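Numbering (numbering that gives the first Met the number 0), first residue to last: 0 to 49.
One or more hints might be untrue.
Claimed, not checked - Restricting the straight-line Cα-Cα distance to at most 25 Å, the calculated cross-link-like pairs of lysine to aspartate or glutamate (DMTMM-like) are:
id	residue 1	residue 2
1	Lys37	Glu47
2	Lys2	Glu30
3	Lys2	Asp12
Said to hold, decoys possible - Label-pair distances were calculated between CB atoms; the ranges are:
id	residue 1	residue 2	range
4	Lys2	Gln39	35 to 43 Å
5	Arg43	Thr18	33 to 41 Å
6	Gln35	Arg13	46 to 54 Å
7	Arg43	Lys2	42 to 50 Å
Calculated from the structure, these hints are not laboratory results.
From a predicted model like this one, the values you see are computed outputs, not experimental measurements.
Glycine included, each C-beta is placed from N, C-alpha and C at the ideal position.
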Amino acid sequence: MRKLPMTDDSTMDRYREQTTDEAQRIQATVEDETGQAKAQDQARESEEEE
């Protein structure tokens with residue numbers, strides 16, 4: 000984690016909002032990819048059962 004220069008509160012709030020948005024986007028991407036992987040696993044399992 001890099002140190003931020005001393006800033007006033009409004010700048011910090013903007014920075015915090017920006018990083019929160021970014022984190023939520025990353026989380027959504029990870030969940031999406033995880034969901035796709037699970038769907039592929041289930042498809043593979045159902046093929047093996049037949």
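Results of checking the hints against the structure:
no.: 1; hint: Lys37 x Glu47; verdict: holds (15 Å)
no.: 2; hint: Lys2 x Glu30; verdict: violated (29 Å)
no.: 3; hint: Lys2 x Asp12; verdict: holds (16 Å)
no.: 4; hint: Lys2 x Gln39: 35 to 43 Å; verdict: holds (42 Å)
no.: 5; hint: Arg43 x Thr18: 33 to 41 Å; verdict: holds (37 Å)
no.: 6; hint: Gln35 x Arg13: 46 to 54 Å; verdict: violated (33 Å)
no.: 7; hint: Arg43 x Lys2: 42 to 50 Å; verdict: holds (47 Å)
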